[in-house]
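The primary structure of each chain is shown beneath.
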Amino acid sequence: MINIYEVNETNAMIERENLDVRTITMGISLLDCADSDLEKVKNNIYNKITSTAKDLVKTGQDIEKEFGIPIVNKRISITPISLIGQAACHTPEDYVEIAGALDRAAHEVGVNFIGGYSAIVSKGMTRNDELLIRSIPEALSKTERICSSVNVGSTKTGINMDAVRLLGDIIKDTAFKTKDNDSLGCAKFVALCNAPDDNPFMAGAFHGVSEADVIINVGVSGPGVVKYALQNLKNADFEVLCETIKKTAFKITRVGQLVAQEASKRLGVPFGIIDLSLAPTPAVGDSVAEILEEIGLERAGAPGTTAALALLNDQVKKGGVMASSYVGGLSGAFIPVSEDQGMIDAVKAGSLTIEKLEAMTCVCSVGLDMIAIPGDTKAETISGIIADEAAIGMVNQKTTAVRIIPAFGKKAGDVVEFGGLLGYAPVMPVNSFDCSTFVNRGGRIPAPIHSFKN
Amino acid sequence: MNKVIITVVGKDTVGIIAKVCTYLADSHINILDISQTIVQEYFNMMMIVDANKSDKDISQIISDLDRIGGEIGVVIKCQREEIFDKMHRI
Chain A
1 MINIYEVNET NAMIERENLD VRTITMGISL LDCADSDLEK VKNNIYNKIT STAKDLVKTG
61 QDIEKEFGIP IVNKRISITP ISLIGQAACH TPEDYVEIAG ALDRAAHEVG VNFIGGYSAI
121 VSKGMTRNDE LLIRSIPEAL SKTERICSSV NVGSTKTGIN MDAVRLLGDI IKDTAFKTKD
181 NDSLGCAKFV ALCNAPDDNP FMAGAFHGVS EADVIINVGV SGPGVVKYAL QNLKNADFEV
241 LCETIKKTAF KITRVGQLVA QEASKRLGVP FGIIDLSLAP TPAVGDSVAE ILEEIGLERA
301 GAPGTTAALA LLNDQVKKGG VMASSYVGGL SGAFIPVSED QGMIDAVKAG SLTIEKLEAM
361 TCVCSVGLDM IAIPGDTKAE TISGIIADEA AIGMVNQKTT AVRIIPAFGK KAGDVVEFGG
421 LLGYAPVMPV NSFDCSTFVN RGGRIPAPIH SFKN
Chain B
1 MNKVIITVVG KDTVGIIAKV CTYLADSHIN ILDISQTIVQ EYFNMMMIVD ANKSDKDISQ
61 IISDLDRIGG EIGVVIKCQR EEIFDKMHRI
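From first to last, the protein sequence lines stand for chains A and B.
Take the first sequence: its position 117, counting from 1, is numbered 117 in our numbering, and each next residue is one higher.
Take the second sequence: its position 79, counting from 1, is numbered 79 in our numbering, and each next residue is one higher.
Treat the hints with care, since some could be wrong.
[Unchecked claim] Computed beta-carbon distance windows for the label pairs: (1) A:A212 to B:Q60: 49 to 55 Å; (2) A:A212 to B:R89: 55 to 61 Å; (3) A:N232 to B:V39: 51 to 57 Å; (4) B:N52 to A:T353: 35 to 41 Å; (5) B:Q36 to A:E355: 22 to 28 Å; (6) A:A283 to B:R67: 50 to 56 Å; (7) B:E41 to A:A349: 22 to 28 Å; (8) A:H450 to B:V39: 54 to 60 Å.
[Claimed, not checked] Computed list of lysine to aspartate or glutamate pairs in EDC-like fashion (alpha-carbon distance at most 16 Å, straight line): (9) B:K77 to A:E9; (10) B:K77 to A:E380; (11) B:K77 to A:E64; (12) B:K11 to B:E71; (13) A:K123 to A:E64; (14) A:K65 to B:E71; (15) A:K65 to A:E144; (16) B:K77 to A:E6; (17) B:K56 to B:E71; (18) A:K265 to B:E82; (19) B:K77 to A:E15; (20) A:K58 to A:E9; (21) A:K48 to A:E64; (22) B:K56 to A:E144; (23) A:K177 to A:E144; (24) B:K3 to B:E71.
These are calculated hints, taken from the structure and not from any lab test.
Cβ atoms here follow ideal geometry from the backbone N, Cα and C, with glycine treated the same way.
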């Protein structure tokens with residue numbers, strides 16, 4: 001039987017070390033909502049989401065109460081909207097109308113984000129993919145709860161550089177259209193490479209076409225728990241360090257697995273995957289950067305950071321895989337700057353640069369995440385940054401992403417404030433040498449040689 | 001079996017266990033195990049109970065115990081056993 005020490009350990013993780021389940025995300029296929037009439041598409045989408053997810057938030061709250069574990073977010077991911085609007089949308093404005101219907105549905109069921117205002121263009125763009133992409137700035141400025149993503153490349157297809165180039169302009173325009181809120185729209189858009197179909201985390205969540213009609217995916221968290229577990233191991237060797245992280249990750253993930261199974265049972269929806277991620281929040285003590293400091297770095301960004309992060313990421317997976325029956329999504333440590341107090345401090349102290357963050361993305365999920373850059377950064381430079389990240393993902397057969405905010409009117413050293421879980425971020429300087437000739441070439445970068453496995 | 005873990009943490013005072021046990025008895029909740037320690041004058045108790053025969057649902061029990069905790073100045077948490085079982089047992 002469970003003893004008092006085990007009970008106290010679990011409750012200390014929840015109360016003192018910020019253990020929570022980061023998100024229950026219901027994936028909903030909207031493929032059956034397509035129609036050639038825009039009004040019908042909007043109604044179909046609204047009706048399907050509000051009927052399928054009507055009990056999602058309540059169920060999440062019940063589980064929270066009964067098990068005493070916070071479930072921070074209840075969210076929805078949907079089929080990439082470029083597909084659903086294919087027959088009905090003839091202009092970017094038509095897609096913005098669908099965004100409005102999605103936002104209303106999100107408000108109705110009480111979820112804080114709905115992800116999947118997306119296009120998958122890893123090899124080429126259809127006319128509708130391009131219409132959706134061009135609608136993103138308007139859609140994100142006119143809605144509150146929509147998250148958008150574009151998959152610009154994959155190991156199998158190479159990188160669609162036409163899309164990468166276009167996204168530079170789209171991100172700049174989104175920053176401008178949401179300038180009154182510190183360019184908040186850009187915090188809800190991500191460019192991906194090797195995007196998974198079952199990711200429960202925003203902004204990149206969408207419900208891929210390979211998925212069932214409805215599914216429950218759960219994202220775990222718990223950087224604070226790992227940090228506390230490492231606090232007494234200052235002089236331990238790597239074996240002890242890694243074992244401790246692995247065991248802690250196991251415990252964290254088991255809670256996620258329990259919540260996922262309960263949610264799946266109560267909602268009558270199949271369980272999809274657990275996303276084994278260390279997802280930080282701006283709360284002190286809930287930081288991936290602070291884990292790196294516990295491992296032995298003065299600040300995140302110091303030499304050794306990439307190795308420490310690689311070790312952390314790998315042990316989290318090794319512990320988590322054993323704890324869950326299905327693992328998927330992004331599964332890795334997140335290193336968003338604005339959502340992690342330790343990362344913010346490292347940037348302010350001059351320890352962490354965009355280039356070091358880029359190196360770190362080679363060994364963890366997901367990419368350059370929640371990084372504010374000067375508002376006058378050129379669109380071509382943003383495209384260059386996306387191309388670099390996509391190349392890391394393509395060559396290393398992993399997901400990478402760019403969620404970058406060229407904060408309108410801000411310069412390096414200023415601070416942008418997004419609020420809530422999105423946090424705040426110091427504006428980081430960007431290498432200002434030009435890459436326009438490179439990104440303007442047009443076409444696509446071929447798939448790497450090691451992708452040809454047949 | 002619908003096992004529930006009740007934890008009580010707070011400043012030690014007369015009658016904490018009595019209050020909690022009275023409520024449990026009135027609610028037809030059977031106590032399976034109790035452990036209790038006092039750390040630096042702080043009362044720390046854990047009970048494993050079986051709420052199967054209770055006429056109240058778990059949500060009601062959680063709210064009631066939370067209220068009783070407030071009345072006697074301690075924190076009473078009530079959680080389904082599976083969260084501990086999953087975390088600490090393979």
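Evaluation of the provided hints:
For the hinted restraint 49 to 55 Å between A:A212 and B:Q60, the CB-CB distance of approximately 35 Å leaves it violated. In this structure the hint that A:A212 and B:R89 lie 55 to 61 Å apart at CB is violated, the actual value being about 31 Å. Checked against the hint of 51 to 57 Å, the C-beta distance between A:N232 and B:V39 comes to roughly 19 Å, which is inconsistent with it. Taking 35 to 41 Å as the suggested C-beta distance range, the pair B:N52 and A:T353 does not conform, at roughly 59 Å.
A beta carbon spacing of about 56 Å between B:Q36 and A:E355 contradicts the range 22 to 28 Å that was offered as a hint. Distance hint check for A:A283 and B:R67: the Cβ-Cβ separation is about 28 Å, which falls outside the suggested range of 50 to 56 Å. The supplied range of 22 to 28 Å is broken by B:E41 and A:A349, whose beta-carbon atoms lie about 41 Å from each other. Distance hint check: the CB atoms of A:H450 and B:V39 are about 57 Å apart, consistent with the given range 54 to 60 Å.
The straight-line distance between the Cα atoms of B:K77 and A:E9 is roughly 14 Å, inside the 16 Å bound, and the hint therefore holds. Taking the CA atoms of B:K77 and A:E380, the gap is about 55 Å. The hint is violated against a cut of 16 Å. This hinted pair checks out: B:K77 and A:E64 have alpha carbons roughly 12 Å apart, not beyond 16 Å. With a C-alpha separation of about 13 Å, the suggested pair B:K11 and B:E71 falls inside the 16 Å cut-off, and the hint holds.
Proximity of A:K123 to A:E64 is assessed by CA-CA distance (about 42 Å); at most 16 Å being required, the pair is judged violated. Our distance criterion of 16 Å between C-alpha atoms is broken by A:K65 and B:E71, whose separation comes to about 20 Å. Distance hint between A:K65 and A:E144 is unfulfilled; the C-alpha atoms sit about 28 Å from each other, more than 16 Å. As the CA atoms of B:K77 and A:E6 are separated by approximately 15 Å, the hinted pair is consistent with the 16 Å bound.
Restraint check for B:K56 and B:E71: the C-alpha separation of about 20 Å exceeds 16 Å, so the hint is violated. Only pairs whose Cα atoms come within 16 Å are accepted, and A:K265 paired with B:E82 is accepted, the gap being roughly 15 Å. Between B:K77 and A:E15 the alpha-carbon distance is near 11 Å, which keeps this suggested pair within the 16 Å criterion. With a C-alpha separation of about 28 Å, the suggested pair A:K58 and A:E9 falls outside the 16 Å cut-off, and the hint is violated.
Proximity of A:K48 to A:E64 is assessed by CA-CA distance (about 26 Å); at most 16 Å being required, the pair is judged violated. Straight-line distance between C-alpha atoms of B:K56 and A:E144 comes to about 40 Å, which puts the hinted pair past the 16 Å bound. Distance check on the hinted pair: A:K177 and A:E144 sit about 13 Å apart at the alpha-carbon level, within 16 Å; holds. For the given pair, B:K3 sits about 25 Å from B:E71 by alpha-carbon distance, which is inconsistent with the 16 Å threshold.
Comparing the model with each earlier hint shows violations of hints 1, 2, 3, 4, 5, 6, 7, 10, 13, 14, 15, 17, 20, 21, 22, 24; every other hint is respected.
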